[in-house]
Structures are given as structure tokens and as C-alpha cells.
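All chains should be modelled from the sequences, with the hints used to inform the complete structure.
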Amino acid sequence: MSAGITTGRRVLVTGAAGGFGAPTMTRLREQGVQVVGLDRVRTGATASDEHLIEVDITDDAAVDAAVAEAVARLGGLDAVVHYAGIGTPNDAGGPLHPDAFRVIDVNLLGAWRVTAAALPALIEGRDRRGARGRVVFVSSELAYLTLPFVSAYSVAKRGMTAYADALRVEYGTELHVSTVYPGYVRTPIHDAGRAVGLALEGQVRREEVEDIVGTVLRTLTVARPPRDTAGTRAGAIELWTARHLPGLVGPAVVRRLRRRAAAGGVDSSPVAAGRVRRLPGRAVPPSGTVEGAR
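Under numbering that gives the first Met the number 0, the residue at position 274 of the sequence shown is numbered 273, and the numbers go up by one with no gaps.
Keep in mind that the hints are not guaranteed to be accurate.
[What the hints assert, rightly or not] Cβ-Cβ distance ranges computed for the label pairs, FRET-style:
{"#": "1", "residue 1": "A233", "residue 2": "A161", "range": "18 to 28 Å"}
{"#": "2", "residue 1": "E123", "residue 2": "P94", "range": "36 to 46 Å"}
{"#": "3", "residue 1": "G7", "residue 2": "R226", "range": "19 to 29 Å"}
{"#": "4", "residue 1": "A64", "residue 2": "A251", "range": "42 to 52 Å"}
{"#": "5", "residue 1": "R217", "residue 2": "P94", "range": "17 to 27 Å"}
{"#": "6", "residue 1": "D58", "residue 2": "D164", "range": "22 to 32 Å"}
{"#": "7", "residue 1": "A161", "residue 2": "P97", "range": "43 to 53 Å"}
{"#": "8", "residue 1": "R223", "residue 2": "P187", "range": "25 to 35 Å"}
Since the hints were derived computationally from the structure, they do not count as laboratory data. Quick reminder that beta carbons are idealized off the backbone N, C-alpha and C, glycines included.
Set out below in C-alpha cells:
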């Protein structure tokens, strides 16, 4: 049986200054765990903060250097938690650059880069103490519950689950790999959607930060970590339904989009304007095609 992450163990957290990462870092330190975080935006941090390393996880060389520095600070590595992500809305029929590509690069390929850089240290730690290292991917219910105008995010998060599966197949004898699927949680990742009139607030059921942080901490500390887990019981039901009954869920999402568009709920969004104009019986006012455009 593999021991969980306890006092003295060493954990690397990406997105460490974000809505999930910051409280996770605090809770781990309170439990006596050694932790270093990676983040591009070091909110409230100083250059001398020993718990944070500033890095752009879309930069291969920068990731290699940052992970090496984190491992050196910690004296080894026992687990990696992946929170880093952005949520810029996009049109599935629109251009790949810049928004869709950036979302996929940060959310999916960023996690891949960090994991690949951390693998040697995770495996070496296992060799010394006989317990497998742990990698926890924080995906999203949107990996399977596909909503309009978040296609790049959904692709990235579903890709993350596929990458986690590949990691289990190739390294499962040396690592525990878990994937956590949050629902909607009010964190800064939603600011970009709100800015272009496509906030998810009120569109999907809400969960709390503690639901997800608590789930990640349990996944790190239990002797037998789960393969896949939602943040709440209701989230588990939603995830199962979206994953196994897409023929029912997809048409329901489309009907909801049409009702929302008919009520003018996306008129202010330049991202949604092109698609909404194609919905039967609905025309976007001219101002809706340019308001907030960038």
C-alpha cells in the first residue's frame, strides 16, 4: 500500500497564486508538507518568496529550469498538482490564434511540460522510499459537459484526461495518477468570459473553492488515491451523465443556448455574435457585433 503525502513530503503546485492554488499551498504548509508553487502572476508575492517560482508554462526551457529549481529547493519531489489554467472564450468555428491556441497551450500542454520535467524526480523519490509519486490533474466537468463558446477549454481539459490516461499506462507502476473534475467555481479564471459577456455564473451549478481544494488534499493524502473524482456528489452525477449520455446532454445544451439567445442574453458578446446570427429567428443588433471587440 502506498503512503499518502504527509508531513515532510515534497509537493509542486502549478497555478500556485490562483483561486485553488493559493489555499492549497497554505493548507499543505499547515500540514507540515514542503511545497513550492509555479505561477506566471505572483499575486501578493515578493521576489524573495521561497514558496513561489515565476514561470510561463508555455515556455519549454523556462519550465525545465523552474522545475529543476523547485526540486532543488525541496530536496526531491513526491507529488505534482496541476491547477494552472486560463478560460478565454472562443468560437469553435473561429480562428485558432490567439485565444484558442493559448488556452490549449496553457491548460493542456503546460501540464504536460511540467509533468515531463518533474518525472525524473518523482520516480527517483519513489526509488528511495518505496512509495509511488503522485500526479493530480485538475480538469473540469467541461471536459465532458461541452458548453458553447468554451471549445478550446473543453478540448484542453478533455485532452488533459487523455494525457492522464496515457501517463497511467506508461508510468502507472511508478506513479499514482488522479484527475479531479470541478464544476463551476467562482475564481478569477472566469474573468475573461465575464469581460466579453459570456460569464458562466448562473448558467451551471456552482461549487465552492473548498470543495475542490479539499478533494485535491484528500487525493494527495489517502493511501489509495482515486483515478477520477468530482468535487461534490452532485458534481459526480453531472460528470457521469455528461460522460455517458452525451446524446441527451448535447441537444439540451443547444436548446438552452437558443433560449438564452432569444432572450438577448449574449447580445453584448463579440465571440457569440457570429453563431447567434445563425440561430433560427434570431438577429444580433449591430452594436452586439462590436461591443467589447478586441
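Each hint tested on the structure:
Against the hinted window of 18 to 28 Å, the Cβ-Cβ separation of A233 and A161 comes to about 25 Å, which satisfies the hint. The hinted window of 36 to 46 Å between E123 and P94 holds, with their beta carbons roughly 43 Å apart. Checking the proposed 19 to 29 Å range against G7 and R226 shows it holds: the Cβ atoms sit about 26 Å from each other. At about 46 Å, the beta-carbon gap between A64 and A251 stays in the expected band of 42 to 52 Å.
For the pair R217 and P94, the beta carbons lie near 41 Å from each other, so the given range of 17 to 27 Å is not met. For D58 and D164, the hinted distance range of 22 to 32 Å is satisfied, since their beta carbons lie about 26 Å from each other. Between A161 and P97 the beta carbons are some 24 Å apart, a value that contradicts the proposed interval 43 to 53 Å. Taken as a hint, the range 25 to 35 Å holds for the pair R223 and P187, whose Cβ atoms sit roughly 33 Å apart.
In this structure, the earlier hints numbered 5, 7 are contradicted, and the remaining ones agree with it.
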